[in-house]
Amino acid sequence: MPFSVCSIGILHFTGVKLKQAKEWEPKLLGFLCRWCSYAGADLAGTSRKKYPASIRIIKVPCSGRVDPLFILKALQMGFDGVLVSGCHPGDCHYQTGNYRARRRIAITKKFLEYAGIEPERIQASWVSASEAVKFTGVVTEVTKGLERVGANKLFTDERQGDGTATAQ
Amino acid sequence: MEQRLRSEVKALLEQGKIDRVIGFEPGSLKFTTTPLITSDGGDVDHLVINPFIVNNLSVYLTGTSGRVGIVAKGCDSRSIVSLIQDNKVLRENVVIIGIPCSGVIDLTKVERLAGKDRDELDDIVRQGDKITVTVGGERKEFPASEVLFDNCLGCEFPTPREYDILLDEPVTPTPDKAISEQKLDSLREMPPEQRWQFWKEEFSRCIRCYACRNVCPACFCERCFVEESEPQWVLPVPRWQDNLIFQVIRSIHVAGRCTDCGECERACPVNIPLRSLTREMCNLAEELFNYKVGIDKEAPPLFVAYELEEAEDLIR
Ligand code: SF4
Ligand code: SF4
Chain A
1 MPFSVCSIGI LHFTGVKLKQ AKEWEPKLLG FLCRWCSYAG ADLAGTSRKK
51 YPASIRIIKV PCSGRVDPLF ILKALQMGFD GVLVSGCHPG DCHYQTGNYR
101 ARRRIAITKK FLEYAGIEPE RIQASWVSAS EAVKFTGVVT EVTKGLERVG
151 ANKLFTDERQ GDGTATAQ
Chain B
1 MEQRLRSEVK ALLEQGKIDR VIGFEPGSLK FTTTPLITSD GGDVDHLVIN
51 PFIVNNLSVY LTGTSGRVGI VAKGCDSRSI VSLIQDNKVL RENVVIIGIP
101 CSGVIDLTKV ERLAGKDRDE LDDIVRQGDK ITVTVGGERK EFPASEVLFD
151 NCLGCEFPTP REYDILLDEP VTPTPDKAIS EQKLDSLREM PPEQRWQFWK
201 EEFSRCIRCY ACRNVCPACF CERCFVEESE PQWVLPVPRW QDNLIFQVIR
251 SIHVAGRCTD CGECERACPV NIPLRSLTRE MCNLAEELFN YKVGIDKEAP
301 PLFVAYELEE AEDLIR
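These protein sequence lines are chains A and B, in that order. Every letter in the first sequence is one number past the one before it in my numbering, and letter 33, counting from 1, is 33. Every letter in the second sequence is one number past the one before it in my numbering, and letter 117, counting from 1, is 117.
Hints are computed from structural coordinates only; laboratory data are not their basis. Among these hints, one or two may not hold up.
[What the hints assert, rightly or not] Derived DEER-like restraints, expressed as beta-carbon distance ranges:
id, chain 1, residue 1, chain 2, residue 2, range
1, A, 96, B, 298, 18 to 24 Å
2, B, 146, A, 93, 31 to 37 Å
3, A, 149, B, 174, 40 to 46 Å
None of the values given here were measured: they were computed from a predicted structure. Even for Gly, the Cβ is constructed at its ideal location relative to N, Cα and C.
Just chain A, same shape as in the assembly (with noise of 0.2 Å):
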């Protein structure tokens, strides 16, 4: 039985990973800002646009929330890539939430690069609340980037069998 059910009644899936799909598709952490990016997302959604399936998505309440770390722990769970996106500059709810977060992402990748990993597997975007259309086409572009280097491998280790979860 691949689920459980505990004593309150909810519902526990023990050992189920999502449909594996025969052929890999890239998997996609997103950082949206609560103010712009993300109902720029929530758009494209009411509006029918068509984007990948690939991106997960985390709602954060401005760009500048986004640590570092939760980039290299995305990574090391298992996701592809991670794309923070937030307010175009000069329209930050909090006034300058994103410059800080674009100094950070900026130092981040390009640490990180040189660390090893690949560009593409670190997004960042400004995305406003009506770029419903802008959303859909980074979504699209930065995937293909990641289809471009391939699933990531970062983390697993061959010796230990495991370093790296599946992220679902």
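Please arrange chain B with the ligands on chain A, whose structure you already have, making use of the hints.
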């Protein structure tokens, strides 16, 4: 310099201008020094200045109370400035006793050149650009540039930028980036997978003693993210994956604070070339944001400052 240092410190203590002093005294092993923190005027005669004063003493500033006199080389003084920028140290509480520095000696390089273990060497003397090593009565001469630490060879600010007392005439900087960054360049030439493989192998040796973090003046967090248990970002067991995440994040945390003093690499008991990570961080801060660490105590820290337009080529 040494005599002047002692008399200056004595005067500062006697006049009550400082409560204690942080400096160097001879170490218990040959060719080493060890930090000396004292408020006792009688200890002042133990203070030394020689080519083995490797430690970046500013790491002790955050934990030392009162008004403190501190002996600082070029890189150390920039660490102090960086601590002032971060509001970790108040300028008026420190008396910076600056040493114009012409580099500290890497004993490993001396051992390699002399073909002897450090215990077998009788003496190492520096005179200007020459180092004379005496082994069993025999004297060998080497150019100083061959035995100084890599980070010293690339040093742009050998004379402290910020000081109250400068013990000698300023030293003219002669940075040689190519030599100082030899290891980094060889990494840059590798394809990305090979670089990752390199770090993976290096960090399989890490025992997570945290010496690198503890000697670093820029690592001043009271609670380090590696010790968080909820969420537990990295496992406390030394698996290479977690070791590497620890060090990469540490490097990002010291971005804009690291002065390339080289202490982390010296402290590492398993000889992981940590400077090849942290030095790159200094380069990136400069390349991307034109930020040089520790040269302006009034400037906002790297990750607090921003320009309206920068790094846009990295963003979609
Ligand atoms: S990271 Fe290393 S080189 Fe940089 S300031 Fe800290 S101890 Fe010195
Ligand atoms: S000093 Fe070296 S072994 Fe110790 S935690 Fe740092 S990298 Fe690991």
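* Between residue 96 of chain A and residue 298 of chain B, does the beta-carbon spacing fit 18 to 24 Å? -> 19 Å, holds
* To do: For the range 31 to 37 Å, tell me whether the beta carbons of residue 146 of chain B and residue 93 of chain A fit it or not.
  => Because 56 Å falls outside the window, the suggested range is violated.
* To do: Kindly confirm whether 40 to 46 Å is satisfied by the beta carbon distance between residue 149 of chain A and residue 174 of chain B.
  => With a Cβ separation near 42 Å, residue 149 of chain A and residue 174 of chain B satisfy 40 to 46 Å, so the hint holds.
Comparing the model with each numbered hint stated earlier shows that hint 2 is the single one that does not hold.
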